[in-house]
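2 protein chains.
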Amino acid sequence: MSLLIDLQRDGDVTLQEQIYRFIRDRILDGSYRNGFQLPSTRELAQSLKIARNTAMLAYDWLTTEGYIETRRGAGTFVCETLTDMEVPAEPRQAAVRRRNSALLRKVARYETPVLISRTTKRPRFDFWYGKPDARLFPGSVWRRLTLENLSHAAAVNFSDYGDQAGNFALRQAIAEHLGRVRGLFVRPDQIIVTAGAQEGLNIVGRLFVSADTTFHIEDPGYGAVASVMESYGAEIAPVPVDGDGLCVECLPESGQTLVYTTPSHQFPTGAVLSLARRQALIDWAERTDAFIIEDDYDSEIVFDRPPLAALASIDRCERVIYLGSFSKVIGAGIRLGYLVLPASLVSAAIAVKSLGSYGNPWLDQAILADFMREGHFQAHLRRVRTAYRARRDVLLRALAVGLGPEVEVSGQEGGLHVLCRLPPHLGPASALAAKAWEAGVGLYTPEQAGVRTHAAHFGDRALVMGYAALQEDEIERAISRVAACLDGTAAG
Amino acid sequence: MSLLIDLQRDGDVTLQEQIYRFIRDRILDGSYRNGFQLPSTRELAQSLKIARNTAMLAYDWLTTEGYIETRRGAGTFVCETLTDMEVPAEPRQAAVRRRNSALLRKVARYETPVLISRTTKRPRFDFWYGKPDARLFPGSVWRRLTLENLSHAAAVNFSDYGDQAGNFALRQAIAEHLGRVRGLFVRPDQIIVTAGAQEGLNIVGRLFVSADTTFHIEDPGYGAVASVMESYGAEIAPVPVDGDGLCVECLPESGQTLVYTTPSHQFPTGAVLSLARRQALIDWAERTDAFIIEDDYDSEIVFDRPPLAALASIDRCERVIYLGSFSKVIGAGIRLGYLVLPASLVSAAIAVKSLGSYGNPWLDQAILADFMREGHFQAHLRRVRTAYRARRDVLLRALAVGLGPEVEVSGQEGGLHVLCRLPPHLGPASALAAKAWEAGVGLYTPEQAGVRTHAAHFGDRALVMGYAALQEDEIERAISRVAACLDGTAAG
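As they're listed, the protein sequences go chains A and B. Letter 279 of the first sequence, counting from 1, is numbered 279 in the numbering used here, and no numbers are missing. Letter 447 of the second sequence, counting from 1, is numbered 447 in the numbering used here, and no numbers are missing.
Hints in this document: simulated from the structure, not taken from any laboratory. Misleading hints may appear alongside valid ones.
Said to hold, decoys possible - Derived list of chain B stretches under chain A, where covered just means 3 residues or more per stretch with a C-beta under 8 Å from a C-beta of chain A:
1. 146-155
2. 227-239
3. 243-254
4. 349-357
5. 408-416
6. 470-481
As the list claims (entries may be wrong) - Heads up, incomplete: computed chain A residues facing chain B, CB under 10 Å, no partners named:
7. Glu111
8. Lys121
9. Arg124
10. Arg187
11. Ile330
Predicted model only: the values in this text are computed from it and were never measured. Glycine included, C-beta positions come from ideal geometry on N, C-alpha and C.
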């Protein structure tokens, strides 16, 4: 008596596991029924030319799990305990059941938001927005700080949970940084470290949003925010944006709502929310029992003036929730951001953070805390500001030369992108983007860049151009290629 | 004309920032009204004994933000634009408004779940459950792999988003590990890397749970699961547990529900779900359109037999969602775990993961992938199994000697903890835990360990004892101390 098992002797799976799996699968699919007799381990070992111990290990495993049993003097059999069980549903029946599953219909509402992913093939010169230049990553300092942290209490820190609201040294460093660069003076215990600003958005969503929540976002605005809030059941209400940022006077007087805004560098237009509107916005929130989410995603990178103080810095009414990110200055691969909360929200937000992930990984937080405390973050900010300003200057010149002086650019005072509006004679922006893609240049219309807006807002005339990750000569070469496409587009 | 500013010359905040902040705060609190004249930068510099450039930087900042304006020939004044604004609410009014805030009442429902935190002071010998021994952390290998990863494409990986479902090499390594150790043969694309098993639970909660969802958990069971699911609106329905694990026959025939179970090593009793019940559970889920969440939190650590195959390994109906964690074998400080999903749930779960955090940090994932691929994880598992088995043996002996042979222990076949039931003559478990705490030994009743159960299930006779983080001699000394407390407790 033997079993015909096609053992793979050079694979990753051990022989005993292959035997285990073979027998188990045949019991589960009904090929070996209850009471079916198996070969002895000696017979199996001989027939398969394996060590007897290997066969015994496989049988031990199957016995422990209740698939087989050995009756003294009689042999080894598929277990009686399986007798009374229902035969598993046929694959076809299972498919029908899945199609009718109420729970599966429920999950179908989730869709992955737009974002850059390395699984997507990108062209050689890519103007995707919000991406820092990897070539400016502070690698040697980061490596030194990593080694220092690994030399000191690493085992204890890897082994245990940390502070659920984040590494305290990092929160202290963030608080100092906010005071210095963003005019925002807060205590470290008002700060929660998050997995990028994205987790911060989710904490806000979980705190406030349910099926009866109206959530106001800038129009045009950052689509991923709308996706997150819709996933918690919110109804999204767009609020217009003009040259002074969010039109605060368009917000409703009916209360208990939330508004998301990017006051320092509106996404995607680059508008700066005026001081008059900042105060009006906070007054509105206080008057109507609303909260404001200030997403300060790239305001630390500013070229021609000192950075504007954050909206949260003038909030005396505890109405502003501030979202910060390290994705634009350091990089998205460290997945670190933070929330700054009014005192009245701190404990509930820490609870939501704890429920969600029990805090952040230790090592990256510890390194970033040292990076900030030792002054490297400030130095790195200066370095990237200088580099990105030069790139912006090259881009503006190249656009004026290559696409002509009628191209309108906004948002060039800072950040990692500008918004370009093309004059009608250059043809549709989407057609230009398609041609450019073929020529090895990634250009993106607002829609392609994940901007949410009402239909035809930009009239297919706009491009969101991130330039920070491209060096000056690369920008020049890329825009030359776009200019070469242009004749075709404008003509066609 | 001057301003009396008490400048801190040896602090962290620059002089211009102190000036900026002083003036800004006085404008915002109404001390300096619209039209108020400020000293010139020359006067200010002289009176404060600072460089004129410092004063000019502060004024530039205030001007850019719209607080002040310079009128040629007349001087510098607080801006007219502030004239028409509402005076910010008094602190007292703001407090009243906050008390009446509908949104703030809404957030008050969130409470932080029980878990070990380094902010809590722990006694010298601590039997908190689920904690690995930091002294066994594979520090030198981890350090080498860290350096290797930092030497290779680190800048690019830190700068950009990774795969939202997790590092693919890590998912491949997890798939191989699951086949080898858990009898669970899955494709890497069914795996999503999460911030600990906790984030996996949240993804399940977001996929399925709303206000009309009934969520079944084991009673006694892991309280944090109930907290997470309640935070998404679920009604928690406890299901009894006996010596064969979850009592599957107690699950209702009305459908579309979810059940959470720990089949390999029930938390906290240590019961193993029998094969008959495993098949019955899957049949129940298929019959009633339900899903099963299998939390396999510590089953890789097993002493006296090969590890049981995972419940998910016998699921032919795509009804089991498998939760894995590296917190128990490597440590909670890396915040890595994973979900293994039926094919029908993969895309929705990746969408929820992306909405939540856009993926995990790069470095820890890359190191762990190498750690697994190079065989270190298997070796580490063998090492900790050997160490923890010896500790368990010492604990069982020490308990029998120190507390007497009537102490009943369950769950000792594996994992990082046992459940002890004290005989009545030893007095209440909570009293013993309190005395032990004073004697420097952390003992925890199920309630203190975050177990959720119906009142009086354990009759104040049980302790959840995690022993993995204590060495053999420490366990002996700790139990001696407990034994010394015992006379007092039993007598009192």
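Can you name, in rising order, the numbers of the hints this structure does not satisfy? 3, 5, 6, 8, 9, 10
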